[in-house]
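Construct the complete structure from the given sequences, taking the supplied hints into account.
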Amino acid sequence: MQFMLLFSRQGKLRLQKWYVPLSDKEKKKITRELVQTVLARKPKMCSFLEWRDLKIVYKRYASLYFCCAIEDQDNELITLEIIHRYVELLDKYFGSVCELDIIFNFEKAYFILDEFLLGGEAQETSKKNVLKAIEQADLLQEVRRLCFLKAFRGQKHFAEQYS
Amino acid sequence: MALKIVKGSIDRMFDKNLQDLVRGIRNHKDDEAKYISTCIDEIKQELKQDNIAVKANAVCKLTYLQMLGYDVSWAAFNIVEVMSSSKFTYKRIGYLAASQCFHEGTDVIMLTTNQIRKDLSSPNQYDTGVALTGLSCFVTPDLARDLANDIMTLMSHTKPYIRKKAVLIMYKVFLKYPESLRPAFPRLKEKLEDPDPGVQSAAVNVICELARRNPKNYLSLAPLFFKLMTSSTNNWVLIKIIKLFGALTPLEPRLGKKLIEPLTNLIHSTSAMSLLYECVNTVIAVLISLSSGMPNHSASIQLCVQKLRILIEDSDQNLKYLGLLAMSKILKTHPKSVQSHKDLILQCLDDKDESIRLRALDLLYGMVSKKNLMEIVKKLMLHVDKAEGTTYRDELLTKIIDICSQSNFQYITNFEWYISILVELTRLEGTRHGHLIASQMLDVAIRVKAIRGFAVAQMATLLDNAHLLTGNTQRNGICEVLYAAAWICGEFSEHLEDPMQTLEAMLRPKVATLPGHIQAVYVQNAAKLFATVLRKHDGETESQAAQETSQLLIDRLPLFVQSANLEVQERASCILQLVKYIQKLQQKNVEVAEEVTALFAGELNPVAPKAQKKVPIPEGLDLDAWINEPPSESESEDEKPKAVFAKEEPKHSRSRHTEVDEKELARRREVRKQEQANNPFYIKASPSSQKVYDAPGVEHIPVVQIDLSVPLKVPGMPMSDQYLKLEVERRQKEKAERKKKEKKKKREKRGKERKADSGPESEEDITPAHQVDIVTEEMPENALPSDDDDKDPNDPHKALDIDLDKYVPYCRHLQFIHVLHIVYDIQGNHQDESKVVVSVIFENKSDSFLKSMEFNVLDSLNSKLQRPEGAGAHDSLTVPFQLPPGQDTHAFLFVSSVSVSIVAVCIDCFLMQSDESSTHEKLDFKLHFTCTSYLITTPCYSDAYAKLLESGDLKGSSLRLEGINMPFHHLLARICFHHHFSVVERIDSCASMYSRSIQGHHVCLLVKTTVSIDAKCDEPSLLGNVLDEIKQTFSKC
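As you go down the protein sequences, you meet chains A and B in turn. Numbered according to the working numbering, the first sequence spans residues 47 to 209. Numbered according to the working numbering, the second sequence spans residues 47 to 1083.
No lab work stands behind these hints, which were simulated from the structure alone.
Once the Cα atoms are required to be at most 20 Å apart in a straight line, the calculated EDC-like pairs of lysine to aspartate or glutamate come out as:
id, chain 1, residue 1, chain 2, residue 2
1, A, K71, B, E150
2, B, K375, A, D118
3, B, K425, B, D396
4, A, K174, B, D242
5, B, K424, B, E434
6, B, K445, B, D389
7, B, K62, A, D147
8, B, K62, B, D77
9, B, K133, A, D184
10, A, K58, B, D66
11, B, K388, B, D408
Rendered as structure tokens:
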């Protein structure tokens, strides 16, 4: 996979992940072009299109379009499955995910994606394992914060003791 | 200002986290840009603080703004700061920001190397994980070089979570730093058998991606992957493995044969569409690679086509699309099996999804036959009328033309029909493909002689109604067809019924609004028509009509003389002068017609596109030599430039050409005819093809019988349908006649033998409506009969382009006169070192069936035939097929060689043929095993190679080849191919090569461009034999 884009029905970019090195200018150009092309397609049309020398696989979930670019020999159906799997993961993590969840927690959406795909390849095919990894990493974040708070509080105690 | 107060309050700033930012942006829909610029100012302030939490928060907000399209490259250093935070919470955000914002040009990336290295070796697996994930997005060649070792170590990490990521990221590292592939590969291969399925699948992923680019280096992994494929149940992994095999099979057809069975099993059993689709695709790839000379796998194709049909019939648009896509791949090699699904594909043309319709169109191209062409095109024409978008309509138009014109109009039986289709297509509004239609019209009119009369009539009407086509000249590409129409009417004007009217149409003032190049053709062809009109009135003593025509030209041409287009202007003024001169002659009652016609004498033959390239360079001509020595530097610059064209020569009036001696012309024609007759590459035209100038007699003009049942054409009305109807009627009539004849024959033959029913109408039965004679393109005299001009000289694969059939030392041919032809090839077996595989092709040369063949080998000390378990030592193998006359079939035999030292051996074999009723024969033959058949092509790395040579275990010997005259890379390729060597390294004038015998002896060669070969091997007898065989190989060429 070369890149993945999430955008809304209004054409607003919600998430972007590039697995090939491109300049910002190029990325913007591609994004603009693809968003336009995909949004122009009618709802009953198939999810694949040939674009430059790539194949674009997209799917719409509620108000969000998930759009991936794959190479010529790649399998379109498995890419659709990847998209679906990612949506399922978001759904499990946020609990019936909606566009707002992704807007407000966009870093979380990235973390989930990064646990699922790496360098454009699926790294973990088990949903359970992905969620487990995310939860543990989140926990680590929370624990650290707790430790930090505790330490802070402890200091306060310390200060109180000696005041 | 309020803003300043906000800025001053650190607490408030700390409060504004990502959520606040997002909310803020949503609340400031009207002045978003302004709001964001204030936010960026705040972020800049926050980044100046020492508190890492504040910085991380700022970086997080920046990442969001970056997605919205704002430039955040100025904060790259701050991102690095956050990345190096010891706290996971912040590190995570830092790496995320880096992976979104950094690219190869970001200079601070250099600063991150040590930080990343530290994170990679962190005791916390999530620190490592985050670093790996980030690195996968922004790895640069420098980072790859510096960190390759660290990542390689992680591939053996205790935690599968890390191993998996490390394996996957190695692919990115390989891409940036290819040198790392060699040392990392053994470990990567090891991971294919990792106990953790995730790691295993990651390794499969990486190797699959690598192999797709360079399949030949991964052939040796095939057995391992084969095992994985048959054991794995994970569809994701299976898809990758199957894809990998798809890349490998073109290189190793035997692998493809092995794959067919497990793949068909998967196709039958799987319920996952993605896996099914991948299997079908790979089976197609395998079949394509096998398609030459192998037994056909019609069952597998049928299965694929069947499954694809199910996909296409599915209501899911995606499956439909992919089904059609895969179908078109089959079409290339097995058109027959796809053609039977024509109904389905035509149905897809009606689909509401344009992308599906386009796919179906692609397929139609390969599905037409003489029988169904008209029907299919009719259907397409209906679509053209219905199509809403111009892009789709243009696509339809090109497809119609592609379909009709493919392989030299092979499927067109009625060219009148085709011309009317083309004329109908000109009515398409706003198409960009006017030139395409035009070139088709020209092509047909020039190459199909019988159609010229009809074509000219149609073109004349087109010219007459030109105003319909040129509604909007600027945007409208369709006026291009007028270019063709004018040329055809002019060139073949002898077919015109009323040349005067056409001439009038071509000189209308409106023509001046057409594009210049079309006007130029108009003017030129008006002159041709003029000649025709004159000739028509030739002989009439006081021809009023001829003089009127001259006057018409003199009246109208000045319009073109004023044209801004140089070409039009020049042609118009030439012709105007000419006509004025002719008018003078006419007034003196001089016969001019003949001389004017002579201006346009001669047939124009189509010339093959490659003709120019094929002209051989005459001997003794050096194209690179200077014609004139370049002027020396000393010559002064300001010297008056010499006139390139001789100026002083007096201008000849163009009418001089009319005075060209008729005798001279006749002589030239005769000479040309003679030349053409002697030229084997000139396809002769029918005798009547030469234009006739001297005799105005009608009988010399080729006349096409125009079917009068065709209703007269009304401009702007579709008429191709009527041809379709007529064609159907004609065929039915023909069929009926044929049946009558057959019945007659049957009656005659009754009693003799029962004749098989003629069945449905077959392709060959359809006879073209006209005696179509397609003029083939002209080639120059002495053209070199080579076919290599299609190949791109820059193609890197060209070095490997060696004619393999020309001389193949291993494929021995044995011929038993009139009975059997055997070709065999011997190769070492990769899986079992004590065996060699003999593949044999039997070809039946006799005219009777060969049944119940048995093959046997007289076992010797050195070799024995591998027989099925339980068979006795002398039992023969039954050849598992029958051979119909004239066919060939393949068989594989395993012969184990138990010899301790490898020497060339002969195996005595015999083939028995027994058939109860008929003859029983025994054929004895010998299979000659050369030493190189025991060598296996084995890749070897240069460092291992150097070590091997240094070890001192190898004995040396050398060889000089005399009289070799071939490019060095051909020489190497030949050694590789015939003697199973692989090139280890090639440096300018020499190359080192390596191979291994099935018993593990190393053979090393150093080949120099001086064509001397130094060889080293740890088995002296093998060495001597291999060198002898190499010598033999080259002595034969």
